[in-house]
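Chemist: For the record, the sequence lines run as chains B and F.
87 is the number of the first residue of the first sequence in my numbering; add one for each residue after it.
87 is the number of the first residue of the second sequence in my numbering; add one for each residue after it.
Please keep in mind that the hints were generated in silico from the structure rather than gathered at the bench.
Do not take every clue at face value.
To be verified - Straight-line distance between alpha carbons at most 30 Å, and here's what the computed DSBU-like set of lysine-lysine pairs gives:
{"id": "1", "chain 1": "B", "residue 1": "Lys488", "chain 2": "F", "residue 2": "Lys373"}
{"id": "2", "chain 1": "F", "residue 1": "Lys118", "chain 2": "B", "residue 2": "Lys454"}
{"id": "3", "chain 1": "F", "residue 1": "Lys337", "chain 2": "F", "residue 2": "Lys304"}
Note that this is a predicted model, so its numbers are computed, not measured.
Number of protein chains: 2
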Amino acid sequence: MMKEIKGGVCAAQGFKASGVHAGVKASSSPDKNDLALILSEKECTAAATYTLNRVKAAPVYVTMEHLENGVAWGVVANSGNANACCPMSHENAQAMGQAAAKLTGHSAEDFVIASTGVIGQTINIGAIEAGLPKAVEQLVGNESGSDAAARAIMTTDTVKKEVALQCDIGGKTVTMGGIAKGSGMIHPNMGTMLCFITTDCAITHEMLEDALRDIVAKTFNRVTVDGDTSTNDMCVVLANGMAGNELIEWKDEKYDAFYQMLLALCTAMARKIAADGEGASRLVTCKVSGARSEECAERLAKAVVGSSLVKAAMFGADANWGRVICAMGYSKAPFRPEYVDISFCSAAGEILVCEKGAAVAFDEAKAKQILTQSEITIAINVNEGEDSAECWGCDLTYDYVKINGDYRT
Amino acid sequence: MMKEIKGGVCAAQGFKASGVHAGVKASSSPDKNDLALILSEKECTAAATYTLNRVKAAPVYVTMEHLENGVAWGVVANSGNANACCPMSHENAQAMGQAAAKLTGHSAEDFVIASTGVIGQTINIGAIEAGLPKAVEQLVGNESGSDAAARAIMTTDTVKKEVALQCDIGGKTVTMGGIAKGSGMIHPNMGTMLCFITTDCAITHEMLEDALRDIVAKTFNRVTVDGDTSTNDMCVVLANGMAGNELIEWKDEKYDAFYQMLLALCTAMARKIAADGEGASRLVTCKVSGARSEECAERLAKAVVGSSLVKAAMFGADANWGRVICAMGYSKAPFRPEYVDISFCSAAGEILVCEKGAAVAFDEAKAKQILTQSEITIAINVNEGEDSAECWGCDLTYDYVKINGDYRT
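In isolation and in its complexed conformation, chain B is listed as follows (with noise of 0.2 Å):
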């Protein structure tokens, strides 16, 4: 009995937060907001995970050594500079931590730090330090904070993205929400992928941080190829327990519950950011069903939502069927081409177009009206095993080498 509900990242109890315009970037309008801030009433159990670049923006470090203990009570988050790859970056991120401090009564330690915006620069940490009495003064804990913060977070996102659910663990109502970014969508974690999520459901730092590895690795993770991350990659969970539900402490059904809440936020904004790739003008899911193990299943559709030339071949609307098949033959997963069923599908129907791994005829005008559609699947079917997976990707278009021609000017 999950519902969706409004209120975002501000939708569980006591957690307010704000989006202001601090001007990280000079060129920015004044009316973009880019400085977001998030606090919660009590302490919070937090669990985050974070890129697998070798390169990491120096954010990412100073919020690895805040969530030592596995407590934190807000989080700080700026867009237009990524605050990496410059000689100040350690310590810029560390005064976004101090400055919230100062003007909160907590500790540095007790926030998450996130950027996201241009490498190399140096960030403009006076911005911020003046901008964030203002993010305090404005915290609410209703929808038009969590409108506030996630705009602040927006970069070449044309869409916010939140999300809030509700459900029953234990005989209590327990609410969670967030907020998310992300847009660069060839290598999709290349442009930075950050989401906040806050609940107050009672947990422990053990079992969010179960639940959330778990479903990173099958949400967020499925929208990128090859696992490339972007240097500032972020997904956090605050939960202060104020549901009053009974402390989940064991993987027992209340966990369960809680999985599954944490699962359907997660999927809905993988989903957000795969249809707000950049430039996109489709969202493109790969299920692939009947393989030999979920991980071949996942390499599969990864593979076929990862490639140019379908990515192409999707915003032409073009059933270029061999381009999937052939994607599958690079993808180094093992299946048998001589089994392959692939169809598309969308809300206009769906047509099979590959059976047994040869074309089979098919109507090129009803072809062309299901691929023309917002929303497209690749169904294939690999007739090995029971297992599946789901991947999401975008199409590619003429606005993604716009936008990623010329981004730091």
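Following the hints, put chain F in place on chain B, whose structure we already have.
Modeler: Relative to the frame of chain B, chain F by itself:
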């Protein structure tokens, strides 16, 4: 004393070639050659490398069978259809060899068979059989034969790719020449790469195969990302021994001279393929030096030239070195970010943009001038060792999307 000469695949003694319009693709212009034939006067030692894609087109399997005995007399290749993933693909690939055999007095097994074009549409074998007599008639052992054959294997290529070299081996003049096609550049090998090389060098099958395998890894496979390969890729060398040099059967200095010639030819072809990437406006070379191993240098360089964000930045002549170090970071190759120096170089000069992993102030106007040239080198020193590697790619442009958005029609 290697020198470049004219004549392409007909430069070496005893080789003739032709290219004709057979009408493999009904919609193609009658001016577009789509059937190539290469024939030697004498039996050739043959070596080949093939796609590593799990899905291989029928001509690849048929050629593997034909070259099992290590000898061949010629090549039959078509563009306009990949002859892959159709019920009759295998029989049709065999029929190409049989038709060539009947017209030339050889056996079908004496021919290398290759195709490039769309996957999953039945090839018009009748058109090929009807066109072959004309191709046999037009066989000539000069520049115009090579030119016609080189044009016949082009698909989205914008320039034909021919190279010929000559050098002295043990007192004899040995000649080597080749033609190639290839122009799919984000996952380059997915746009089929075909390369046919002929030489009059006397060399054993073992030595030829060793040299080719090693050199393909250092050249064509460095125009690529993750070893992605199309269903149809093939690189073949035919050596007919007519130069009269002492047979190369050991890894002595004569082998070395042959090796250097083949390496130079394949490097030149690899650069031509990269520069003609679909929609490309610039050839982008990434040279990584100071690495702890050649493999490590290669992996870093490949990640950089393969990054869509780097490629889009090169299109925009944007000195966005953050994307370069970010791509290095997810390459999975070991290096220390804090040791990395990055420069951009071209005919217009050289500019250092990152030193010891951090931003350095640089003249943006000068960077722009360097990056607007048609050949750009991203020079990276990881300052850890002695090894280096070069990989080649191109920029990502609007035209790439246009070319691939509707390739089938």
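Chemist: Please flag the earlier hints that this structure goes against, numbers listed from lowest up.
Modeler: Structure breaks no hint.
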